[in-house]
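K.L.:
Residue-level listing of the chains:
Protein chains: 2
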Amino acid sequence: MEEAKAMLRKVFLTENEMTFPVSGTGSAGMECCFVNLVEPGDEVVVCINGVFGMRMAEVAERCGAVVIKVESEWGRIIETEQVAEALKGRNPKLVAVVHAETSTGAQTPIEEISRITHEAGALILLDAVTSLGGIPLRIDDWEIDAVYSGTQKCLSCPPGLAPVSFSKDAMKVITGRSSKVQSWYLDINLLAGYWGGNRVYHHTAPISMNYAFHESLRLILEEGLESRWKRHLDNHLALKKGLKVMGLEIVSQEGHQLPQLNAVEIPDGVDEAAVRGRLLSEHDIEIGPGLGPLKGKIWRVGLMGETSKKENVCRFLNAFGRILNDQGFRNETEAAVAAANEGGAL
Amino acid sequence: MEEAKAMLRKVFLTENEMTFPVSGTGSAGMECCFVNLVEPGDEVVVCINGVFGMRMAEVAERCGAVVIKVESEWGRIIETEQVAEALKGRNPKLVAVVHAETSTGAQTPIEEISRITHEAGALILLDAVTSLGGIPLRIDDWEIDAVYSGTQKCLSCPPGLAPVSFSKDAMKVITGRSSKVQSWYLDINLLAGYWGGNRVYHHTAPISMNYAFHESLRLILEEGLESRWKRHLDNHLALKKGLKVMGLEIVSQEGHQLPQLNAVEIPDGVDEAAVRGRLLSEHDIEIGPGLGPLKGKIWRVGLMGETSKKENVCRFLNAFGRILNDQGFRNETEAAVAAANEGGAL
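Protein chains in written order, with numbering that gives the first Met the number 0: chain A, 0 to 345; chain B, 0 to 345.
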């Protein structure tokens with residue numbers, strides 16, 4: 000347990016004492032952060048540019064929060080100015096934002112949002128489900144007060160745990176609450192007794208998961224965070240290059256595209272579900288559909304953790320290009336694969 | 000998923016449609032039942048004869064319930080008359096009771112409590128964490144409305160999931176709530192969309208755990224529920240016989256002792272922690288200490304699922320008897336092991 004905590008701190012780039020895996024999947028991590036930080040009537044600013052921002056608003060409301068929504072078009076980032084606007088004349092307890100929106104492939108820059116949040120006297124809560132281990136994420140440098148992630152994205156561990164970390168300021172709020180945390184299972188005041196030095200029994204830990212988590216962290220630190228971030232970026236650029244040769248674009252906001260989650264445009268006249276079906280049944284490759292307003296407009300191609308490999312990019316492009324050709328979207332599949340394989344600048 | 004649900008119904012002995020594993024450990028199953036069934040201000044009768052009854056009261060209160068406590072001495076069962084007394088002149092929504100108290104080794108008979116609960120117009124909620132797969136548990140015959148369990152007790156699966164089942168009456172309450180369930184992660188109204196036919200995305204399932212769960216259910220049905228219950232009982236009786244030869248008793252209420260959790264008295268003058276320490280370090284056998292008022296008075300010896308084996312009973316008695324001899328509690332260890340090995344009536 001101490002090793003897992005120490006390694007997780009290194010992956011989160013934090014010195015926060017209260018850094019450990021919650022015994023549930025990523026959404027349990029989200030709920031853990033909100034139920035501990037929010038008391039009924041608290042004002043919470045929630046930034047929404049996809050499925051997970053919407054989920055945060057829903058979870059915050061179930062904690063009795065008064066939610067102020069900051070919304071961007073799906074596929075675009077949350078701009079610092081939008082948050083600044085929402086903070087004007089308000090005194091919220093918390094600002095919640097998604098770092099890497101898995102539903103759209105957009106990566107919101109966090110540092111400035113964190114700065115203005117603290118200027119307004121609020122805490123900042125970050126969804127890092129898809130960012131942890133895939134792109135730069137610096138909890139202490141960015142002064143993030145609460146963060147949750149999942150194990151099955153860029154950590155390449157089975158799903159089932161939600162790594163979390165809380166700053167000293169967040170812990171002050173949690174230990175100083177006037178009401179009990181509505182969830183006994185996720186109450187940090189109780190979990191601190193188990194993950195702290197005394198190992199006070201709270202609930203039976205999902206121990207097989209905890210061992211898997213320990214090993215995934217070990218592998219990440221063996222590779223090195225910087226190398227891992229670079230690998231994700233390189234393979235994203237290779238994919239993007241190949242798609243360009245095919246005549247396809249990544250449609251999330253230029254300059255803020257996630258390397259690990261690629262939102263690929265669906266050309267006119269192509270049956271997007273049939274393409275996904277053939278990729279899965281004939282090539283054992285699963286890609287995701289668009290969600291919400293992006294349904295039918297994008298495919299979501301993951302290159303996360305162990306799967307972010309040049310070999311996978313080329314295998315995908317080869318299968319994908321041929322299926323698109325069959326569907327009437329003419330493209331130079333071999334040239335696309337060759338361009339991806341060559342790598343380098345676009 | 001359909002196979003797991005079908006097998007779980009067979010192990011719970013229920014036809015309840017809403018029968019599936021919650022993505023968290025047993026305590027998440029407890030919380031799932033309470034957050035879905037209780038709305039703020041609801042009266043809930045909670046039966047307390049150990050740690051887990053206390054936990055139920057705590058969880059119910061965090062849901063805003065008005066809790067009426069029915070308490071028995073730790074180690075004894077909840078008597079039907081106690082529940083009847085609590086129901087007099089009251090109209091609670093829910094009666095919650097622990098079937099097999101892991102902290103004390105007592106097994107409360109449920110059928111009559113269920114009958115009088117329904118007569119009073121309330122639903123009955125059962126903690127079956129330690130009973131499922133180890134002793135007779137008949138959800139439909141006993142007309143249980145909501146039940147939760149854990150995977151790591153008599154199912155012999157890794158910890159990490161909480162099997163639950165809800166009756167039609169419970170589902171009517173859950174779908175007809177006037178307020179939203181306070182937990183998004185555990186909201187049955189949403190989970191029904193995922194575990195139902197449409198597989199509507201809710202949260203990422205802890206899929207490695209779900210496969211392990213599937214396999215554990217398959218093994219249980221291969222053995223047969225009745226045979227499994229008999230195996231647990233036989234090995235408990237063998238242990239009890241061996242302990243008797245040593246001059247030791249199982250101290251939970253006679254006639255209601257759990258086969259899978261044996262509360263063994265600590266003789267005067269014996270250092271109970273030293274005994275546990277030597278069992279673990281020298282023999283790779285872990286037994287539990289007493290909890291709460293039973294701390295320093297009992298050891299808790301588990302014989303659950305795969306570990307409930309004659310061979311394990313004899314190994315334990317052999318190591319345990321010798322360590323007790325070293326501690327000055329003179330006993331005929333070899334005769335005790337022989338008596339256990341012989342088995343049969345006490």
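Simulated from the structure, these hints should not be mistaken for lab results. One should not assume that every hint holds.
Copies of the same chain are indistinguishable here, so a pair counts whether it falls within one copy or spans any two.
As the list claims (entries may be wrong) - Straight-line C-alpha distance at most 27 Å; calculated BS3-like pairs for lysine-lysine:
no.	residue 1	residue 2
1	9	243
2	4	243
3	239	229
4	167	4
5	171	243
6	179	92
7	68	239
8	229	87
9	68	179
10	239	171
11	229	243
12	296	87
13	167	9
14	296	309
K.L.:
Could you run down the list of hints and mark each one as holding or not?
P.N.:
Here is how each hint holds up against the structure:
1. When the C-alpha separation of residue 9 and residue 243 is checked against a cutoff of 27 Å, the pair qualifies neither within a copy, at 36 Å, nor between copies, at 54 Å.
2. When the C-alpha separation of residue 4 and residue 243 is checked against a cutoff of 27 Å, the pair qualifies neither within a copy, at 42 Å, nor between copies, at 46 Å.
3. Taking CA atoms no more than 27 Å apart as the test, residue 239 paired with residue 229 passes inside one copy only; the shortest distance there is 15 Å, against 62 Å between copies.
4. Only within a single protomer do residue 167 and residue 4 lie at most 27 Å apart by alpha-carbon distance; the minimum there is 16 Å, versus 43 Å between protomers.
5. When the C-alpha separation of residue 171 and residue 243 is checked against a cutoff of 27 Å, the pair qualifies neither within a copy, at 50 Å, nor between copies, at 54 Å.
6. In the homo-oligomer, the alpha carbons of residue 179 and residue 92 lie at most 27 Å apart both inside one protomer (17 Å) and across protomers (23 Å), since each shortest distance falls under that limit.
7. Taking the shortest Cα distances, residue 68 and residue 239 never come within 27 Å of each other, neither inside one copy (33 Å) nor across copies (63 Å).
8. Neither within a single protomer nor between protomers do residue 229 and residue 87 lie at most 27 Å apart by alpha-carbon distance, with minima of 38 Å and 69 Å respectively.
9. When the C-alpha separation of residue 68 and residue 179 is checked against a cutoff of 27 Å, the pair qualifies both within a copy, at 26 Å, and between copies, at 20 Å.
10. In this homomeric assembly, residue 239 and residue 171 never come within 27 Å of each other (Cα to Cα): the closest approach is 45 Å inside a single copy and 51 Å across copies.
11. Taking the closest pair of Cα atoms, residue 229 and residue 243 come within 27 Å of each other only inside a single copy of the chain (21 Å); across copies the shortest separation is 67 Å, beyond that limit.
12. For a Cα distance limit of 27 Å, the shortest separation of residue 296 from residue 87 qualifies neither inside one copy, at 35 Å, nor across copies, at 61 Å.
13. Taking the shortest alpha-carbon separations for residue 167 and residue 9, only the intra-copy value of 17 Å comes in at or below 27 Å, while the best inter-copy value is 49 Å.
14. In this homomeric assembly, residue 296 and residue 309 come within 27 Å of each other (Cα to Cα) only inside a single copy, at 26 Å, whereas the closest approach across copies is 62 Å.
The structure does not agree with the numbered hints 1, 2, 5, 7, 8, 10, 12 stated previously, though it agrees with the rest.
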